[in-house]
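Colleague: As you go down the protein sequences, you meet chains Y and L in turn. Note that the first sequence covers residues 12 to 336 in this note's numbering. Note that the second sequence covers residues 166 to 385 in this note's numbering.
Simulated from the structure, these hints should not be mistaken for laboratory data. From a predicted model like this one, the values you see are computed outputs, not experimental measurements. Check the hints yourself; a few may be wrong.
What the hints assert, rightly or not - Under 10 Å between C-beta atoms, here's a sample of chain Y residues computed to sit facing chain L: (1) Glu-65; (2) Gly-75; (3) Leu-82; (4) Gln-98; (5) Val-105; (6) Arg-111; (7) Leu-116; (8) Arg-119; (9) Glu-266.
Note that the Cβ used here is the ideal one computed from N, Cα and C, for glycine as well.
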Amino acid sequence: MYHAVRTVLGMLVFSEDGRLAEVVRYEKPELALTGGLTQEEREVLERLGEVRVEGVHEFPGRGGELFRSGLRRVLEELGMSEREYRQRLHATAVAIARLRLRRALQSRDMRIKQLVSAAEELEEAQNLLASRLREWYFLHFPEVAESEELVELVVRYGSRAEMPERLRQAAESSAGAELEEEDMRVLREFASGIAELRRLRERVMGRLEELMREHAPNLSHLAGAHIAARLVAAAGSLERLARMPASRIQVLGAEKALFRHLARGAKPPKHGYIYQHPLVKGAPKRQRGRVARALAAKLAIAARVDAFGGRFVAPELERRLRAGR
Amino acid sequence: MRVKELMPGIYRAGRELATVNLTPGRRVYGERLLRHEGRELRLWNPRRSKLAAALMLGLDKLPLHSSSRVLYIGAAQGTTASHVSDIAKEGVVYCVEVSPRAAHSLLRLAEQRHNLIPILADASSPEEYAFLLERVDVIYQDVAQPEMGEILLKNARLFLRKGGHVLYFIKARSIRAEKPERIFEEEIERLRSAGVRVLQALRLEPYEKDHMLVLGRWQG
Ligand SMILES: C[S@@+](CC[C@H](N)C(=O)[O-])C[C@H]1O[C@@H](n2cnc3c(N)ncnc32)[C@H](O)[C@@H]1O
């Protein structure tokens with residue numbers, strides 16, 4: 012039995028007694044180490060028969076242990092100075108980090124994270140500005156300042172006198188002040204800005220939905236694209252989400268609310284993102300924990316199927332979820 | 166200004182800390198540079214670096230020297246890691262960072278520093294980078310993540326030599342919203358029962374709120 016480890020020096024194969032038996036050098040270590048076994052490595056493994064390679068057959072492995080704890084001895088056997096090794100290591104690590112960085116920046120996960128944050132921030136900005144508009148417009152027409160459609164009203168009609176028929180009466184008896192024309196112009200532009208933010212947020216959400224349906228069709232189907240996207244963003248990537256136990260998925264998103272709670276004394280959170288799901292929200296209060304747990308379990312499966320290249324199984328998962336299995 | 170060497174590679178310049186710049190003329194995060202006896206010192210800001218804060222607050226035995234091999238987990242842009250790389254000038258500092266944004270700056274830094282090995286990976290999956298590592302003398306960890314304790318031990322078991330040291334920065338709030346004292350106690354207990362002898366535990370107020378540094382020795 013042999014034990015092997017892939018390193019910047021190539022694949023090192025140790026015999027049972029810990030001696031270096033064979034070295035398969037790499038032409039481009041950064042590529043070999045970020046990809047699967049090379050042709051030459053496979054040939055050597057075949058020739059030697061019983062070989063356990065760290066990171067391929069086992070982790071951690073005895074080959075890796077031998078290398079890490081006996082680096083100096085290995086270098087001696089290879090006739091390489093520590094300095095040379097460190098130089099090679101440095102160059103290879105920098106090259107690998109560059110490759111990984113490029114790969115990470117290309118990933119859909121990164122774009123999804125940006126879209127999730129953009130949507131959240133647009134919503135916050137919009138709420139902040141909308142409450143400013145309310146107070147501002149209150150000066151002029153307090154009777155409609157609390158209206159749900161205040162933004163639309165101001166954008167469309169502007170001053171009290173221009174309001175549609177149904178508001179005519181309120182306008183005539185209003186306690187509000189007259190605004191100078193220039194004030195009204197600025198106010199209307201401010202309201203248009205808010206409307207624009209809303210439109211923008213919809214664009215962002217639309218794109219997010221598209222990307223999520225490509226990236227994680229099962230998860231999106233079960234959780235809804237928006238909750239699914241938040242889960243992916245909170246986990247860091249679909250793959251990391253897929254590696255999480257269901258219990259962790261269940262509380263993802265709670266940290267953020269927890270933080271808000273600590274920082275600003277907001278309501279303490281009990282639950283993560285999945286508590287926004289209609290199935291959980293719609294369940295009787297006492298049952299919510301149970302439903303959330305069941306949902307999290309199915310989401311964990313869906314995420315794994317999506318991350319590791321599976322079929323579309325969401326409808327089946329959903330059926331089982333609804334049936335309470 | 167009076168300058169004196171506090172520990173190997175670490176200086177006190179007036180009231181401030183400093184290390185000897187490994188890359189003279191270059192700054193890493195806008196810190197001030199200072200000439201002293203033919204060498205260039207980089208001032209080390211305790212408001213930017215928790216290790217500097219700990220030194221200001223009485224960390225008395227820093228287990229770092231010029232040829233230390235260090236695994237630094239959660240290196241971010243490399244602010245503190247650059248000072249560690251100054252100190253371990255003939256050693257090596259393996260810097261693991263998961264965020265691509267931070268890793269980008271770290272990579273730049275590594276291109277200038279021959280002893281800084283950049284690793285873009287999640288420290289909870291050491292199999293992603295074990296092939297670059299060797300046994301190390303010190304694990305420095307500052308990740309502000311709920312599973313920080315498990316991450317530390319997982320890495321220690323794989324990479325830390327017997328008798329090596331851990332510098333474990335705990336941010337109570339990242340673990341749970343509870344009394345920090347309680348969380349610190351739990352974390353210290355976690356280390357103890359895994360075979361770490363705790364040498365010093367230090368709160369980082371006023372520099373960092375609800376943070377603690379635990380210095381320990383790995384009995385393996
Ligand atoms: C508080 S910052 C570290 C600051 C740094 N130690 C300094 O003093 O310059 C925490 C860093 O840990 C990183 N991090 C969090 N979890 C990680 C993990 N599992 N693996 C690697 N890095 C992680 C974060 O991306 C972040 O950059």
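Colleague: All the hints need checking, so say for each whether the structure fits it.
Modeller: A quick look at each hint next to the structure:
no.	hint	in the structure
1	Glu-65	7 Å, holds
2	Gly-75	6 Å, holds
3	Leu-82	5 Å, holds
4	Gln-98	7 Å, holds
5	Val-105	6 Å, holds
6	Arg-111	4 Å, holds
7	Leu-116	6 Å, holds
8	Arg-119	14 Å, violated
9	Glu-266	8 Å, holds
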